[in-house]
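S.K.: Put the two chains together into one complex, using the hints given.
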Amino acid sequence: MLVSPVTRALPGIHLNFILILVGAATICAAAGALIGLPTLRLRGDYIAIVTLAFGEIIGVVAVNGQSVHVGGGMTLTAGNLGISAVDAPYFPGVGSFGLLNLRPWYWLIFAILLVVLFVNLRLRDSRLGRAWVALREDEVAAVSMGIPLVKTKLLAYSTGAAFGGMAGAFFGTYYTEVNAGQFQFGFSIFILAMVIIGGLGSIWGAVVGGLALGYINNYLIPDVLNGLPARFGLNFQLTQVEFGIFGFLLVIMMVLRPQGLIPERRRRLELTAKIAATDAQLAEGPDTAGGAT
Amino acid sequence: MSPVETPGPPAAAVLRAERITKKFGGLVAVNDVSIDVPQYSIVSLIGPNGAGKTTLFNMLTGLYRPTEGRIFLGERDITHGRPDVINRYGVARTFQNIRLFGAMTAVENVMIGHHTRMRAGMFGSIFRPPRVRREERETRARARELLAYVGLREPAFDQLASQLSYGDQRRVEIARALASQPILLLLDEPTAGMNPHESQALTEFMRKLRDELRLTILLIEHDMKVVMGVSERVTVLDYGKKIAEGEPAEVRVDAAVIGAYLGRQA
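Heads up: the sequence lines are chains A and B, in that order. Per my numbering, the first sequence starts with residue 1025, numbered consecutively. Per my numbering, the second sequence starts with residue -5, numbered consecutively.
Next up, chain B with everything else stripped away, as it sits in the complex (with noise of 0.2 Å):
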């Protein structure tokens, strides 16, 4: 597996969002916050339940629209941006409550995710010239490889999706990101459902993608253990506002995070 080619100066964010605000009518879902996430760094998002996380989360890959701020993808802004040029620009995401494309194969899942990188249109896809097989027979053969690259067995890559057990339902999802040949790539919740074996699993091969692909990971975890395992930096949201930011070590012992967790003291 090559690695991704990424442009631009190293250690710089990959990701900026500056000041971003989410309202929902009179909710405010996300509060004035700034996240920065320096490439190849995993990042995590962590916070209580309803803390705005997910919310986050669609703004930055575009499906909801800001109420206020600014997100950027290295230099360029894409808060207005649509999801599906937002995905071509180098940004993949998987959800919380798996969402696979449940009447088609495994492989065809991952085929979706290389569309943007696909070229055929309506006339190439109805005379199928060389140029179209060619490409159909590499983003087939590419397909496989990622489901085997996530850790798929052979027997599952043609079932459809919905047959699939909950833990290859979810390494197809990471394929499927993957083949859209990301730059960053958010995982929310990725170990929702596992147990600490598979938790531990997955903690390795989030640090393998990011050092054989050149991955920048954000991810949103429930799991403490992930969480101090493989992040760099740890944002911590709580009723939409960031109330701490740091390593996962100073995190862990600030005030706010603790009083959020456990309640706070009257």
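This is chain A alone, in the form it adopts within the complex (with noise of 0.2 Å):
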């Protein structure tokens, strides 16, 4: 069903583009669960590096599932080959996506991009994603006050996971083939840097932190800055040191903006507040100022 006529006639298997994208989600949902219950008792930074650990331990076995044999003849994976030849989405009416024209490409990971925010805007302001707030600030409290720890904590998992799983499939079909050697680690880094740069447990700062170093990474580097150095003798080009820029960038960011680009709301708040209550503070003159805390 709804699948390109010319593709179908080919070997293997062939589904519609938003079945593979709903299938993607829900095996990136459960996958991110079972990656997500052995770092429950985790909080903060060490989350974060047993991820990025989980990331390098998949590709790894991706590349390497090749001498493991299930039987048949088969083996686990088809290694550094991957999975190629995906095919690309066909709407009727569209016809199937080519490679020249990159449009329709891009309204259909617009839209993707467009639902990915509703969900994410609507579970920020909900029961559930007050629930993950309150986690986040005190863990004991939340439980003592009621939330599920291991089953909201597996929900935000999941709910990541499907996300990703979501953008995996585009990725797929984009460049009609998937395999280890796309996953990088500095890929992951890449993504991290966007969210800092915009602004962490922020929704609009991830938006903006992935334009603008998607901007800078495909664009800026490449075709307008790239010659610079040597202009000025230098014997190398800008994109040789591409990972450089990115870690100066997170430097900078650091140290000038820590709240990245668009900070939540809360952190937003706090500062402000805290800018606030020193004002008074000062207004009240030097002697109350330090009783006043």
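Possibly wrong hints are sitting among the right ones.
Sample of chain A residues facing chain B (criterion: CB under 10 Å; computed from the structure) [claimed, not checked]:
1) Gly1153
2) Arg1154
3) Arg1160
4) Ala1166
5) Gly1170
6) Val1174
7) Ser1182
8) Thr1183
9) Glu1288
If you anchor each label on the Cβ, the simulated ranges turn out as follows [said to hold, decoys possible]:
10) Ser28/B with Ser1212/A: 50 to 60 Å
11) Ile1082/A with Ser28/B: 45 to 55 Å
12) Val22/B with Gly1238/A: 55 to 65 Å
No lab work stands behind these hints: they were computed from the structure. Note that the structure is a prediction, hence the values are computed from the model and not measured. Beta carbons: idealized from backbone N, C-alpha and C, even for Gly.
M.R.: Written as structure tokens, this is what we have:
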């Protein structure tokens, strides 16, 4: 159903892209919960470290799975080949997406982005979103006030992973293949940098961080500034040091604007209130300033 | 404010801990303690620092598992219950060193207290059918009602909890506990850091809670004026053991209690 007649004639599995998208989100949600289980007792930075480590493990398993035989002459994975020849999306009336016309791809990922944004904004201002913030703020108080720890935490993992699954489905069809080499450690760090530069915990921050780093990575560095070192008589191109540039940006952000480009509302409230308190203190005069706090 | 319905026969023990012990490695923090909290009563738990009072609270609310012994809420065995489940059964608490969600507003903090009584799940949260909208609206209204009830002033409702004054933070914590519609309220040193006037006001407020909301209250308290003024029964812990129990007037003159507080004579 709803598969391009051209690809339907080819061997292999062919499904409509919407089905793939939903399937990827569902499977990744389950995988997210599974990976979330061993990290339940961890918090903050430690969760990030373990999550990144899982990213490495899965890549290595995908490459080396080639030498694991599961019977019938089959191996667990196809190794470095990954999954290749992934169908392009096909919609009736639009036809199959081609590689020459990028517009349909753009509108597709834009639509996915809108769905993810909608879901995130709704969740943030809901019973579940409140419970997530409460758990982040104080786990002991949160469970004492009736928030189920395991279920709530795993739901957070699952939703995050489901969004990742949707992005992965698009990624696969856009590049017509999926393999471990596309998901190097640097790529994880690149995405993490988008979130940090945008503002941790902020939905619009992640959008702006993604746009900013995407613009720098895909346009500013390779097309505009790439020849800059050569003009100063230096023997390298800017694309060769791009990770250095991102690292530099992160450091600059940490020093000048640690809350990110668009800080989370709560953090912004905290910061402005602190400034207001300091102002009030100064207005009262130096005598009372010490005792007021 | 409508009183909370509490099923079960009157004057029965709401909470009964039977010979509970908690060991941390070689340290026996709570040693073979039994305690009965009758319905609609106010019971105080006193004892010197490190006597095991908060450890006992943590077992009653499911944060710690007792090494030995059993805990009953009414007829229900909650010895091995998870904290969130015990909260749903009707036990709510406050903490000695206030544990509010600092980055959330006072109203949001109280809404968290109502979490177990709400039903919106993942899909309800995303699609917001009328049922979820109504639930959210009612929870918010109820949270404001509760904040007013505990005496928070309107302008503080939408301030971040971390920016409230100390006294207001205590109030919000009690409102948050009340939001879960408990039958039993555990207060861990509610008057800590308060002046005598504020302590007196809180004492009256505890009676009001018991009478208006039909609550049963168990509190840890250091201020003897509060203990003697508010509680029907007093249990005294020292080095993890229960050394005395009874009416305030009896406990006050108990030799073991005086010894624990002032030091025993050789």
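S.K.: Each hint needs a verdict: does it hold in this structure or not?
M.R.: Evaluated hints:
{"no.": "1", "hint": "Gly1153", "verdict": "7 Å, holds"}
{"no.": "2", "hint": "Arg1154", "verdict": "6 Å, holds"}
{"no.": "3", "hint": "Arg1160", "verdict": "8 Å, holds"}
{"no.": "4", "hint": "Ala1166", "verdict": "7 Å, holds"}
{"no.": "5", "hint": "Gly1170", "verdict": "4 Å, holds"}
{"no.": "6", "hint": "Val1174", "verdict": "9 Å, holds"}
{"no.": "7", "hint": "Ser1182", "verdict": "9 Å, holds"}
{"no.": "8", "hint": "Thr1183", "verdict": "8 Å, holds"}
{"no.": "9", "hint": "Glu1288", "verdict": "8 Å, holds"}
{"no.": "10", "hint": "Ser28/B with Ser1212/A: 50 to 60 Å", "verdict": "55 Å, holds"}
{"no.": "11", "hint": "Ile1082/A with Ser28/B: 45 to 55 Å", "verdict": "53 Å, holds"}
{"no.": "12", "hint": "Val22/B with Gly1238/A: 55 to 65 Å", "verdict": "60 Å, holds"}
Violated hints are absent here; each numbered hint is respected by the structure.
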